[in-house]
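Chain by chain, the residues:
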Amino acid sequence: MKRTLLRRAVVPAATVAALALALSACGGNNDSGGSGGGLSGSVNIDGSSTVGPMTQTAAELFNADNPDVQITVGESGTGGGFEKFCAGETDINDASRPIEDDEKALCDKGGVTYQEMVVANDAITVVVNKDNTWATCLTTEQLKKIWEPKSKVTNWNQVDPSFPDEQLSLYGPGTDSGTFDYFTSSINGEEGASRTDYSPSENDNVTVQGVQGSKGAMGYFGYSYYEENSDTLTAVEVDSGNGCVAPSASTVQDGTYTPLARPLFIYPSIEAGKSNDAMVAFVKYYVENDENIATTAKFIPLSSDQKSTLDSELSDFQSAIG
Amino acid sequence: MSTLTVDKHAAAAGAEGFLRQQRARHGEKLVYVVLLVSALVSVATTIGIVFSLVVPAAQFFAEVPLREFLFGTDWAPNFQPPSFGVIPLLVGTFLTTVIACAIALPVGLGAAIYLSEYASDRARKTLKPALEVLAGIPTVVYGFFALTFFTPLLKVFSPSENLPGTFNAFSAGVIMGVMIIPTVASLSEDAMAAVPSGLRQGAFALGSNKRQVSTRVVVPAALSGIAAAFILGISRAVGETMIVTMAAGLQPNITLNPFEFVETMTAYIASSAGGDIATGSTVYKTIFAVGLLLFIITFVMNMISIRLVRKYREVYE
Amino acid sequence: MSSIIVSGKPPTERPALQTTGEPLKERAFKWLLWGCMAIGIVTLVTLLTYMLVKGLPRLSTQLVTNMPSQVNPDTAGAQSAIAGTLWVMTFTALFAIPVGILSAIYLEEYADTERWWNRLIEVNLLNLAAVPSIVFGILGLAFISRGLGFGPTIITGALTLGLLVLPVVVIASREAIRAVPRSIRMGSLALGATKWQTIWRQVLPASVPGMATGSILALSRAIGEAAPLIMLGVSFVTFTPDGLFSRFTTLPVQIYRWGSLPQAAFQELAAAASIVLLLLLLVMNSIAILIRNKMQTRW
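Chains A, B and C are the protein sequences, given in the same order.
Numbered according to our numbering, the first sequence terminates at residue 322, and the numbering increases by one at each position without gaps.
Numbered according to our numbering, the second sequence terminates at residue 1317, and the numbering increases by one at each position without gaps.
Numbered according to our numbering, the third sequence terminates at residue 2299, and the numbering increases by one at each position without gaps.
Please keep in mind that the hints were generated in silico from the structure rather than gathered at the bench.
Among the hints, erroneous ones may be present.
Dumping the calculated EDC-like pairs for lysine to aspartate or glutamate here, alpha-carbon to alpha-carbon at most 20 Å [stated by the list, open to error]:
id, chain 1, residue 1, chain 2, residue 2
1, A, Lys-215, A, Asp-160
2, A, Lys-144, A, Asp-108
3, C, Lys-2294, B, Asp-1121
4, A, Lys-130, A, Asp-108
5, C, Lys-2195, B, Asp-1074
6, A, Lys-307, A, Glu-291
7, A, Lys-145, A, Asp-108
8, A, Lys-150, B, Asp-1074
9, C, Lys-2030, B, Asp-1074
10, B, Lys-1029, C, Glu-2026
11, A, Lys-130, A, Asp-231
12, A, Lys-307, A, Glu-116
13, A, Lys-152, A, Glu-116
14, A, Lys-298, A, Glu-190
15, A, Lys-130, A, Glu-227
16, A, Lys-145, A, Glu-116
17, B, Lys-1029, C, Asp-2112
18, A, Lys-298, A, Asp-197
19, A, Lys-274, A, Glu-166
20, B, Lys-1311, C, Asp-2112
21, C, Lys-2195, C, Asp-2112
22, B, Lys-1029, C, Asp-2074
23, B, Lys-1311, C, Asp-2074
24, A, Lys-284, A, Glu-271
25, A, Lys-298, C, Asp-2074
26, A, Lys-150, A, Asp-131
27, A, Lys-274, A, Asp-160
28, A, Lys-152, B, Asp-1074
29, B, Lys-1311, C, Glu-2108
30, B, Lys-1210, C, Glu-2026
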């Protein structure tokens, strides 16, 4: 009797599973009423989780006109992304830093060639608590004093005697993150050179909360996280020798917000371009609509110089694929 | 009521004799092979894991001496100058695991005893699945919960200004423990439910009360299952990634104070594997070295526990 | 006073004998146990409330009908993630549960525990339960995605997650099989059944409840895992899977990504998606729970 009960349970279970599959299959709807570009195929992208949202935005906008192209955007990290890219598994790699020598060697081994393209800018923004009225502008030397390896600064009045006696608490990205690498190399002179006693987090929202939570807190992350929380956090203006500059689209584009402005890259594979028309069309779309994509994704668009460089990079890419 | 279904074919075997037996033997052989292959899937998995870890780890140890790795007390592979002492990560894993097990094992067992011995049948049918829902909550959600609800709650009740910090081992450990409760409870409860009621009845008949029956008769009888539940729970605590990454912190720290931040081995692996570290670099290979170390530690731990359990297991009929 | 029936079926109420000794101790013990149970339930309720409060504003049919969107957080949904989760979970179950149960049968009924290789398999299984999920991601990437050439598709995801939860199924099933009294097996063999017949017709049906628990715990774990899938390269996908070799995304991966984005709308989406995930989990588990309840035996 138990056997038949078991069998009786299997049938409804199988039905439910089949129904679920059927539901998901017919639920899937790719057309969003666009003109239907006629293009079909798939584009596989992976890489940095900083650049990921921008590429995702590009994918969505591209899909509006070309609904039959399946674009997947992974975010296993710049390094993990390059590993897959150099093995020929992805068509484009998103990167928040330029490709490194180890990775170049890997790509040589895998027979993958690429065209480096800068597609947007990001301003690494140093933030302090809203109630912090004294640190509206900091020089790069002061930042270095706070963040350098073995720094003993634990109080704001050690940074500048005119600052009040307020305990300093530091937040930032994890040590595996490109943001960390860039900040440390710009401010402390070497990638990875940083004091070890700050609160790192994988999730920049946690850094946001940390800085919101205590008066003497300070943290740093990408511009979009500041933009989203600009009413509860204060962005510190950075003085690298030419006066205090606040991070913004214009100051990044005209180069006055230094040294914390960084470029964001994509690396389309030339090999992939030779055999994948959809991918080439996507790259072309990305470059031609770059300003719109960057603004929609809340990144800082390219300056006109950078734009012309990007255009020539695109033609290099197109001639390389033949 | 358990009945033995009498197999007509088996009964007829006597009549048809050796013919039926021969056919059955073929089938038995096939069954054995199929089963063995299934069991070997887990072995193949282990071999695969070891292989994918050992090769890059070996490359790592060619660059960084094993002594420095195992006995160093400073873990800063991404800093300049880098240092590769794994002890802070070991301490982090140890601290969070102990806290998680201190919650999950007793509470899980207690809940199991309640469900098995004290709850009514109807209560059991509702409460057991309710507990199992806890097992299904995504670990990401647990991580967010620990970070954005539990830690602030702790801070409200904390007498100290600084502790617990935003990241602390206690928060991660407790939430991990809660996540593991269903595993321990459900498996222990199954084990206890399977204890023949004759044992209980005998004990009751001799004048024991419910507490004595539960603790002195049922639990020892179900020890094998309960031990398996415990081992599974501990293993889960050691290997948990998401919760500790989000709530315990990413800053290595050698401490036994649960209210400070720590970094566990799994948190390091998770954050580095998904970060922007250059593939093929020494730092990237630390992921595999740490992973291999974790694997070896749990292997030794499990070997010891299996041996212990086998010694104390009681078998009935 | 309830009578004691001599038939093997346990009395429906516990014999109410006069308790000797301290009633307080008994009550205290009972309350302690009840407290343990309460900790679990209270935390569950708190968690659910937490998720509901954060996600309720976004809980609507839009979540099911719309695709994830980076451009329009307000109209984004989770359709591709829901479909992906259903696909992956179905195949994870189809892989892990049979292999797990068969492995358990081998280990309990056929393996000679004196042989070293069988003991190795046993330790090996327990050890696998401790391996961090992200290492399974590394494994899946190296051997299934690349080694077998499947790429980051549904089948790779299902196999990777299946291997991750296999130990739980095996261990639970083993305990369930072990709990079947030997007298049942002996009786069956005495009546002339073969070993397999005994297992198939006597032992297995009796161990179904334990195996059901194992599958519930295993699938619950699998449905909520994000780390191994992110390692494989799963993230943003705006189409539903159309086959075993299709790319995909799942709810936990989407929740993780949304939780890391700055916009508040995405945080709410993450919470709403968690609720959807729990609902899916409940449906999935209820099948196993039904089976378990129907087949429950007390010896």
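Hint by hint, where does the structure go against what was stated? Just the numbers, ascending. Violated: hints 2, 4, 5, 7, 9, 10, 13, 14, 16, 18, 19, 22, 23, 26, 27.
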